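Protein chains: 2
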Amino acid sequence: MTVTTLSEHACFDGVVRFLEHQSSELGVGAKLGVFLPQEALSGKVVPVIHVLAGLTANYETFLIKSNIIRFAAQHGIGVVAPDTSPRNTGIEGEDKDYDLGSGAGFYVDATAEPWSKHYRMESYVGKELPLLTESLFPFDATRRGIIGHSMGGMGALIQALRYPERWKTVSVFAPICAPSRIPWGKKAFDAYFGGDLQKWEEYDPTILLENGYKPPSTILLDQGLKDQYLADLKPDALVAAAQQTGQRLQVRTHEAYDHGYWFIQSFIHDHIEHHVKGLKG
Amino acid sequence: MTVTTLSEHACFDGVVRFLEHQSSELGVGAKLGVFLPQEALSGKVVPVIHVLAGLTANYETFLIKSNIIRFAAQHGIGVVAPDTSPRNTGIEGEDKDYDLGSGAGFYVDATAEPWSKHYRMESYVGKELPLLTESLFPFDATRRGIIGHSMGGMGALIQALRYPERWKTVSVFAPICAPSRIPWGKKAFDAYFGGDLQKWEEYDPTILLENGYKPPSTILLDQGLKDQYLADLKPDALVAAAQQTGQRLQVRTHEAYDHGYWFIQSFIHDHIEHHVKGLKG
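Going down the list, the sequences are from chains A and B. Read left to right, the first sequence gives residues 19 to 299 (our numbering). Read left to right, the second sequence gives residues 19 to 299 (our numbering).
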């Protein structure tokens, strides 16, 4: 296993490091960002939060725009930030649309051609990446949190609901809650799963809740009410499913806020507090 | 005077707003970013900090990557972020190099053809932009601070030294301190001033200090010692000039830190405290 350091940067007494490795799940080289707090640099085993970004973002976006590192450093928590899709797979048309292919892996394992060989983001972010980063750094496999935004919020919900044994804490900003009912999700699921409607259900957070899947702990969900994509995100569907099945979901709405990182940076502090309580409490 | 709102985003109970206006100094449309803290939205007159970014950045970069808004909001301070050059002036070759023309205005008023008609960033950031933003928002013209990074650090130093009556507080991250002695500066000054060596002296912060120019208050300067551009920034030259002339310069060096926004976000809090002391103390 060869891991190349692309760059590293001191930040809040710790280090932000960008890495590249050959991913076995994705079958291509994959880049990621990691934050190592001061404690981890001196060998202490620390909790870790994985962050899944939204459409068009990459492995740097959430780290540089969300203000997360300030608070991860304060609490001595590592951060892992994967890319939002495989890149340069050679699949025809992968760079054509912003909402399919490159930058739009939707954190699922594709089963339909031509995507199925490389577009295995669910297994990558849920299995390969935690194992890789925990082999490289003193991150505690029993104290993993996951945060996601938009498409990445959907990815974080899928991870938390389908694999609650992998994650201890989960929080999301403006997640895609019911992908099988909206244009983005329909387009992606149609491409990645083809006619297999069973798969559509397995990757729809609202349907997962309806079908009895349980998160490892209370999900914190922040949603701006001036979000330009609100109709496509459908937080109400997720709330209804959680109420119906008695699952733990704490939703906070914010009157004036929209979809981007200005919103995320305004509330990231509360999210880190939420994870700290679960990971260090 | 027509000012167009390009977008606005709630952030920390205030608003980040992106604007475009026809600049009389630049002779083209110019974009900028503004942060209005909650207090300003309810009409209270607040202090304001202008931020000048470095090469290749634009009017959004410093706002989204530096974490400045968190602390500006905490202290009820406005922020104004101009672009780093005029854009789309039609000057031949303006987009050719990263360090000349677009994204590289160096915050000077060019005097040589073909740049002199549009490349008037000194007058733009020092006169037109404060007047414009103070006519639009309740920003206090008697309580202006200025922060700059790299090329923008040079711009902030030029403003503070040549026009101390305009600014009350100044701080810089990894500024270009002696442009007339380094490749970036020589290339830019040669293009923007041609053979006029008098101009070279007027826009070199170290020479300005040597020639008796005085800042309005103590300059705070942070510099990382792993900065990949350290040899081109020459903070030692500025320090020597300040010592020689007894000018107020507080320099802090940081062993592990490099040139980018990971460095800036690690220390922005201290910079805002520095400005708060001078603007609100």
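If you are wondering where the hints come from, they were derived from the structure by calculation, not from laboratory data. There's no promise every hint is true.
Copies of the same chain are indistinguishable here, so a pair counts whether it falls within one copy or spans any two.
Here are the simulated DSS-like pairs of lysine-lysine, each with C-alpha atoms no more than 27 Å apart in a straight line [to be verified]:
id: 1; residue 1: 205; residue 2: 298
id: 2; residue 1: 244; residue 2: 62
id: 3; residue 1: 49; residue 2: 244
id: 4; residue 1: 205; residue 2: 62
id: 5; residue 1: 145; residue 2: 62
id: 6; residue 1: 62; residue 2: 49
This structure is a prediction, so every number in the text was calculated from the model and none was measured.
Right, here's what the structure says about each hint:
Taking the shortest alpha-carbon separations for residue 205 and residue 298, neither the intra-copy value of 40 Å nor the inter-copy value of 53 Å comes in at or below 27 Å. Taking identical chains as interchangeable, the C-alpha atoms of residue 244 and residue 62 lie at most 27 Å apart only when they sit on different chains, with a minimum of 25 Å there against 42 Å within one chain. Taking the shortest Cα distances, residue 49 and residue 244 sit within 27 Å of each other only across copies (23 Å), while inside one copy they are farther apart (33 Å). In the homo-oligomer, the alpha carbons of residue 205 and residue 62 never lie at most 27 Å apart, since the shortest distance is 44 Å inside one protomer and 48 Å across protomers.
In this assembly of identical chains, the alpha carbons of residue 145 and residue 62 lie at most 27 Å apart only when taken from the same copy (23 Å versus 52 Å across copies). Taking the shortest alpha-carbon separations for residue 62 and residue 49, only the intra-copy value of 25 Å comes in at or below 27 Å, while the best inter-copy value is 46 Å.
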